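Novice: Sequence:
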Amino acid sequence: ALVVLPIGDHYTMGPREAAVALELLGVKRCVPSHYGTFPLLTGTPEQLRELAPGFEIEAPDPGGSIAL
Numbered sequence: 001a002l003v004v005l006p007i008g009d010h011y012t013m014g015p016r017e018a019a020v021a022l023e024l025l026g027v028k029r030c031v032p033s034h035y036g037t038f039p040l041l042t043g044t045p046e047q048l049r050e051l052a053p054g055f056e057i058e059a060p061d062p063g064g065s066i067a068l
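First residue of the sequence shown? That's 1 in the working numbering, and the numbers climb one at a time after it.
Where hints are given, some of them may not hold.
Across the chosen pairs, the derived CB separations fall in these ranges [unchecked claim]:
(1) Pro39 <-> Ala1: 28 to 38 Å
(2) Pro60 <-> Ala1: 16 to 26 Å
(3) Glu50 <-> His10: 15 to 25 Å
(4) His10 <-> Gly63: 14 to 24 Å
(5) Val31 <-> His10: 14 to 24 Å
(6) Gly64 <-> Thr12: 14 to 24 Å
(7) Asp61 <-> Thr12: 11 to 21 Å
(8) Thr42 <-> Gly64: 18 to 28 Å
(9) Val4 <-> Gly54: 11 to 21 Å
(10) Arg29 <-> Pro62: 13 to 23 Å
(11) Glu50 <-> Val4: 18 to 28 Å
(12) Pro39 <-> Pro60: 16 to 26 Å
(13) Arg16 <-> Glu58: 12 to 22 Å
The set of hints was computed from the structure by calculation and includes no laboratory data. Note that the structure is a prediction, hence the values are computed from the model and not measured. Beta carbons are placed, not taken as given, at the ideal position from N, Cα and C, and that holds for glycine.
Using the sequences and the hints given, assemble the complete structure.
Specialist: Structural data, given as structure tokens:
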């Protein structure tokens with residue numbers, strides 16, 4: 001299973017809340033979204049990786065893509 005979670009930390013959950021959501025959902029793969037596009041969105045995939053060890057965080061560059 002795969003989940004897409006926002007991590008921008010303004011208007012949306014941040015990395016800390018996303019890490020909790022991963023635990024609650026029981027999903028091991030995550031594509032973070034809503035980060036890095038505006039200065040106000042301060043959450044980063046690196047922060048999520050630190051807060052959610054053991055989870056696979058697949059983070060494309062803003063505007064980029066990944067193969068699922």
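Novice: Decide, hint by hint, whether the structure agrees.
Specialist: Consistency of the hints with the structure:
no. : hint                        : result
1   : Pro39 <-> Ala1: 28 to 38 Å  : 33 Å, holds
2   : Pro60 <-> Ala1: 16 to 26 Å  : 19 Å, holds
3   : Glu50 <-> His10: 15 to 25 Å : 19 Å, holds
4   : His10 <-> Gly63: 14 to 24 Å : 19 Å, holds
5   : Val31 <-> His10: 14 to 24 Å : 19 Å, holds
6   : Gly64 <-> Thr12: 14 to 24 Å : 19 Å, holds
7   : Asp61 <-> Thr12: 11 to 21 Å : 19 Å, holds
8   : Thr42 <-> Gly64: 18 to 28 Å : 19 Å, holds
9   : Val4 <-> Gly54: 11 to 21 Å  : 19 Å, holds
10  : Arg29 <-> Pro62: 13 to 23 Å : 19 Å, holds
11  : Glu50 <-> Val4: 18 to 28 Å  : 20 Å, holds
12  : Pro39 <-> Pro60: 16 to 26 Å : 20 Å, holds
13  : Arg16 <-> Glu58: 12 to 22 Å : 19 Å, holds
Going through the hint list in order, the structure satisfies each hint without exception.
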